[in-house]
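There are 2 protein chains.
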Amino acid sequence: MNNFWLSLSTDIYFGKGQVNVIGKLLKKAGAEKVLLAYGHGSIKKNNVYQNIVKELESYSISFIELSGIDPNPRITTVRKGAEICKSNNIDFIIAAGAGSVIDCCKAIAAARYYNGDPWDFFTRKASIKKALPLCAVLTLAATGSEMNGGTVITNEKTKEKLSTGSLKIKPRFSILDPAYTFTVPKDQTAAGIADIMSHVFEQYFSYPESTILDHLSEAVLKTVIKYGPIAIEKPYDYEARSQIMWSGTIALNGLLGTGKDGDWATHLIEHEISAKYDITHGVGLAILTPHWMRKVLNNDNVERFAQYGRNVWGIEKKDLLETAEEAIDKTAYFFKSIGIPDKLSKLGIDDSMFEEMAESCLKYNKIGRFKNLDRDDITEIYRNSL
Amino acid sequence: MNNFWLSLSTDIYFGKGQVNVIGKLLKKAGAEKVLLAYGHGSIKKNNVYQNIVKELESYSISFIELSGIDPNPRITTVRKGAEICKSNNIDFIIAAGAGSVIDCCKAIAAARYYNGDPWDFFTRKASIKKALPLCAVLTLAATGSEMNGGTVITNEKTKEKLSTGSLKIKPRFSILDPAYTFTVPKDQTAAGIADIMSHVFEQYFSYPESTILDHLSEAVLKTVIKYGPIAIEKPYDYEARSQIMWSGTIALNGLLGTGKDGDWATHLIEHEISAKYDITHGVGLAILTPHWMRKVLNNDNVERFAQYGRNVWGIEKKDLLETAEEAIDKTAYFFKSIGIPDKLSKLGIDDSMFEEMAESCLKYNKIGRFKNLDRDDITEIYRNSL
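Those protein sequence lines, which keep their order, are chains A and B. Quick note on numbering: the first sequence equals residues 224 to 609 in the working numbering. Quick note on numbering: the second sequence equals residues 224 to 609 in the working numbering.
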């Protein structure tokens, strides 16, 4: 096992009605004027908004709203949010929504104390030195953003989607109420499940090998594979929503990657697609994943794919390659079975920008650690996904 | 899934040479005069002591030593440590050793700010309101104390071994260097493995059922079952020591019990034995566990024991009861195979105090949640373990 440092400093309040702790926790943290940030208002339909406002009012905490945060959150919204924080002396941020809202709020929290353009954090021109404290009230099981320090933001002008991270923007605490995900539509539930699985894959298919991490990763995969279809079939199944929500957080809070050099190729290759075409991240991941797997599968790593097949899918073939290939097929079939489109062309995407996207992909990063991918490899994955 | 709150606030520095961060971290925490606490000097043989002292000296942090902390740490040592902290204005504690040293330091940290007798914390007469900050430098994979807020202390006068817990006594950070466990003798390595497995069992065999927690728990069990014998055979195998160390921390940092009502019968029944006979906790657990399993196995929970058999031991029988029974047998055989005595009588224990121990067991607690056990049940488990 490689050396590692792990900080899991976000306190988790999990379960029905846990939003009731938010006023007390904010008061304890000294919050007097908070930014209440959310997306396009779904939190008003399922009472999340009302519950939070009630809490703030009963603790006499004033607040300003920032609404309209998009999926694939924009740097322009980050700039706007930072301005609001600066000019109103905001001292705490509540991110109420999915990973997009949380990511946007993390960037706002850092931008509040930065005099330059916050896009600098994403192009590696600046690092995060200070940030407003924030918390999350999660409404979609997917990104794991509720318990980590990462953020992914889209620059709609340059059509880039880039990430950065810092301990300073990790939520102080997160409210995970599975009932808040009852009203998530089937397609978004499915995309969230694909996102969770992809987070595990990015860490599972990486080096060095680690038995404990392998089995912990398989635990998350088996759980969402079991409960994903149930949540889609019965959106109000509390147990299914709970299992998926908690699995989603564990998938990307750092635990599964301790001492490993994660791959993240599929994520980076996908970011280009959602940056250019504004599609749902999890859908892009689901389409690309089997093609990434087929592209990187080779003699050196066939045992690892076979292990995935045996331990997650219960495949009992003797031949390693056959087991690996069946595991990949099962992965693709699973995504299809929960209703995710299996081709980029079904999203209206053509091959006109593939070369440009592959180029752009490589602008700030090497792509892939499990297997390093060059421009041609990436283009091929796009083409195979078409 | 039941509601839960989870705080994993102990930062983990894992790997070879990580002790080198301790001076910097203590300085950052404002430490000026620390208590360096340890056991009977094994840390001087493997350079752990020297490494820590070098760090303290290079950051000009003064320190006072408390040595001689016993396995099954005593309340008298807690009192002594608290006195040292009070009279020397200690502002941070370094617990360098196994779980016993860490537990003792946690109790000292709380006792420092308590005017009564620290035993009050364990008899529920007082709760922990304030504590000195502490960190751990772990030298034995077993208790998980390095990442939780629990402590177990023995009162040598009343022959009681009781536990308490608080967020306030959770280590601020812990150094987990697997190389520090190279010199742990075979019998202590085996006892540590039994302790880790028991921590998982106490949470796995409990309600409500939870798929994600089941599979995470199975991950820990499979890992230590794989690497335990390797570490005993080859004590200097870094990978084996790493896998066991990290598994031991995960086993009892709170994650595996989120939203569950842990059983803890075996632990409480064992505490009576180590309180009365001062045996190694992990050995007592290994002896008792299969007998606890056989005692509680019934129609209502046979599926859970069978699941354990299937997922951890790969048993493929069709009959549930047969699978469950074979799983229990395999558990007993595993403990024996790593060199742990399989009967209390082999430790020089007879049946003379069994009734008294069963009585004492029930003094502060109900015993068992998975199945509640009365005085006769507990006595029977002791007798079957003889």
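Watch out, some of these pointers could steer you wrong.
No copy labels: a pair is met if it fits in one copy or bridges any two.
Once the Cα atoms are required to be at most 25 Å apart in a straight line, the calculated PhoX-like pairs of lysine-lysine come out as [what the hints assert, rightly or not]:
1) 250 - 391
2) 352 - 251
3) 247 - 391
4) 594 - 251
5) 250 - 277
6) 251 - 541
7) 239 - 566
8) 303 - 256
9) 586 - 553
10) 449 - 566
11) 518 - 251
12) 251 - 391
13) 277 - 541
14) 250 - 353
15) 566 - 247
16) 553 - 239
17) 353 - 540
18) 449 - 540
19) 352 - 449
20) 303 - 239
21) 391 - 569
22) 457 - 518
23) 348 - 303
24) 518 - 589
25) 250 - 348
26) 352 - 247
27) 251 - 348
28) 251 - 589
Worth flagging that the hints you see were computed from the coordinates, not collected in a lab. Computed from a prediction, not measured in an experiment: that's the story for all the values here.
Going down the list of hints, with the structure as the test:
1. Within a single copy, residue 250 and residue 391 get their C-alpha atoms as close as 20 Å, and across copies as close as 20 Å, so both meet the 25 Å cut-off.
2. Taking the shortest Cα distances, residue 352 and residue 251 sit within 25 Å of each other both inside one copy (24 Å) and across copies (16 Å).
3. Proximity of residue 247 and residue 391 under a CA criterion of 25 Å is satisfied in both settings, with 22 Å inside one chain copy and 19 Å between copies.
4. In this assembly of identical chains, the alpha carbons of residue 594 and residue 251 never lie at most 25 Å apart, being 47 Å within a copy and 39 Å across copies at closest.
5. Within a single copy, residue 250 and residue 277 get their C-alpha atoms as close as 14 Å, which meets the 25 Å cut-off; across copies the closest is 42 Å, which misses it.
6. Neither within a single protomer nor between protomers do residue 251 and residue 541 lie at most 25 Å apart by alpha-carbon distance, with minima of 58 Å and 55 Å respectively.
7. Within a single copy, residue 239 and residue 566 get their C-alpha atoms no closer than 37 Å, and across copies no closer than 46 Å, so neither meets the 25 Å cut-off.
8. For the identical chains of this complex, residue 303 and residue 256 are intra-copy neighbours only, at 17 Å inside a copy versus 47 Å across copies, given an alpha-carbon limit of 25 Å.
9. In the homo-oligomer, the alpha carbons of residue 586 and residue 553 never lie at most 25 Å apart, since the shortest distance is 33 Å inside one protomer and 54 Å across protomers.
10. Taking the closest pair of Cα atoms, residue 449 and residue 566 come within 25 Å of each other only inside a single copy of the chain (24 Å); across copies the shortest separation is 41 Å, beyond that limit.
11. In this assembly of identical chains, the alpha carbons of residue 518 and residue 251 never lie at most 25 Å apart, being 51 Å within a copy and 47 Å across copies at closest.
12. Taking CA atoms no more than 25 Å apart as the test, residue 251 paired with residue 391 passes in both settings, with 19 Å inside one copy and 16 Å between copies.
13. When the C-alpha separation of residue 277 and residue 541 is checked against a cutoff of 25 Å, the pair qualifies neither within a copy, at 59 Å, nor between copies, at 54 Å.
14. When the C-alpha separation of residue 250 and residue 353 is checked against a cutoff of 25 Å, the pair qualifies both within a copy, at 21 Å, and between copies, at 20 Å.
15. Taking identical chains as interchangeable, the C-alpha atoms of residue 566 and residue 247 are never at most 25 Å apart, the minima being 47 Å within one chain and 52 Å between chains.
16. With identical chains, the CA atoms of residue 553 and residue 239 are never at most 25 Å apart, being 34 Å at best within one copy and 39 Å at best between copies.
17. Proximity of residue 353 and residue 540 under a CA criterion of 25 Å is satisfied in neither setting, with 53 Å inside one chain copy and 58 Å between copies.
18. For a Cα distance limit of 25 Å, the shortest separation of residue 449 from residue 540 qualifies both inside one copy, at 22 Å, and across copies, at 23 Å.
19. With identical chains, the CA atoms of residue 352 and residue 449 are never at most 25 Å apart, being 41 Å at best within one copy and 43 Å at best between copies.
20. With identical chains, the CA atoms of residue 303 and residue 239 are never at most 25 Å apart, being 33 Å at best within one copy and 45 Å at best between copies.
21. Taking identical chains as interchangeable, the C-alpha atoms of residue 391 and residue 569 are never at most 25 Å apart, the minima being 40 Å within one chain and 54 Å between chains.
22. Taking the closest pair of Cα atoms, residue 457 and residue 518 never come within 25 Å of each other, the shortest separation being 35 Å inside a single copy and 39 Å across copies.
23. In this homomeric assembly, residue 348 and residue 303 come within 25 Å of each other (Cα to Cα) only inside a single copy, at 20 Å, whereas the closest approach across copies is 54 Å.
24. Proximity of residue 518 and residue 589 under a CA criterion of 25 Å is satisfied intra-copy only: 17 Å inside one chain copy versus 57 Å between copies.
25. Taking CA atoms no more than 25 Å apart as the test, residue 250 paired with residue 348 passes in neither setting, with 35 Å inside one copy and 30 Å between copies.
26. For the identical chains of this complex, residue 352 and residue 247 are inter-copy neighbours only, at 19 Å across copies versus 28 Å inside a copy, given an alpha-carbon limit of 25 Å.
27. For the identical chains of this complex, residue 251 and residue 348 are neighbours neither inside a copy (35 Å) nor across copies (27 Å), given an alpha-carbon limit of 25 Å.
28. For the identical chains of this complex, residue 251 and residue 589 are neighbours neither inside a copy (43 Å) nor across copies (35 Å), given an alpha-carbon limit of 25 Å.
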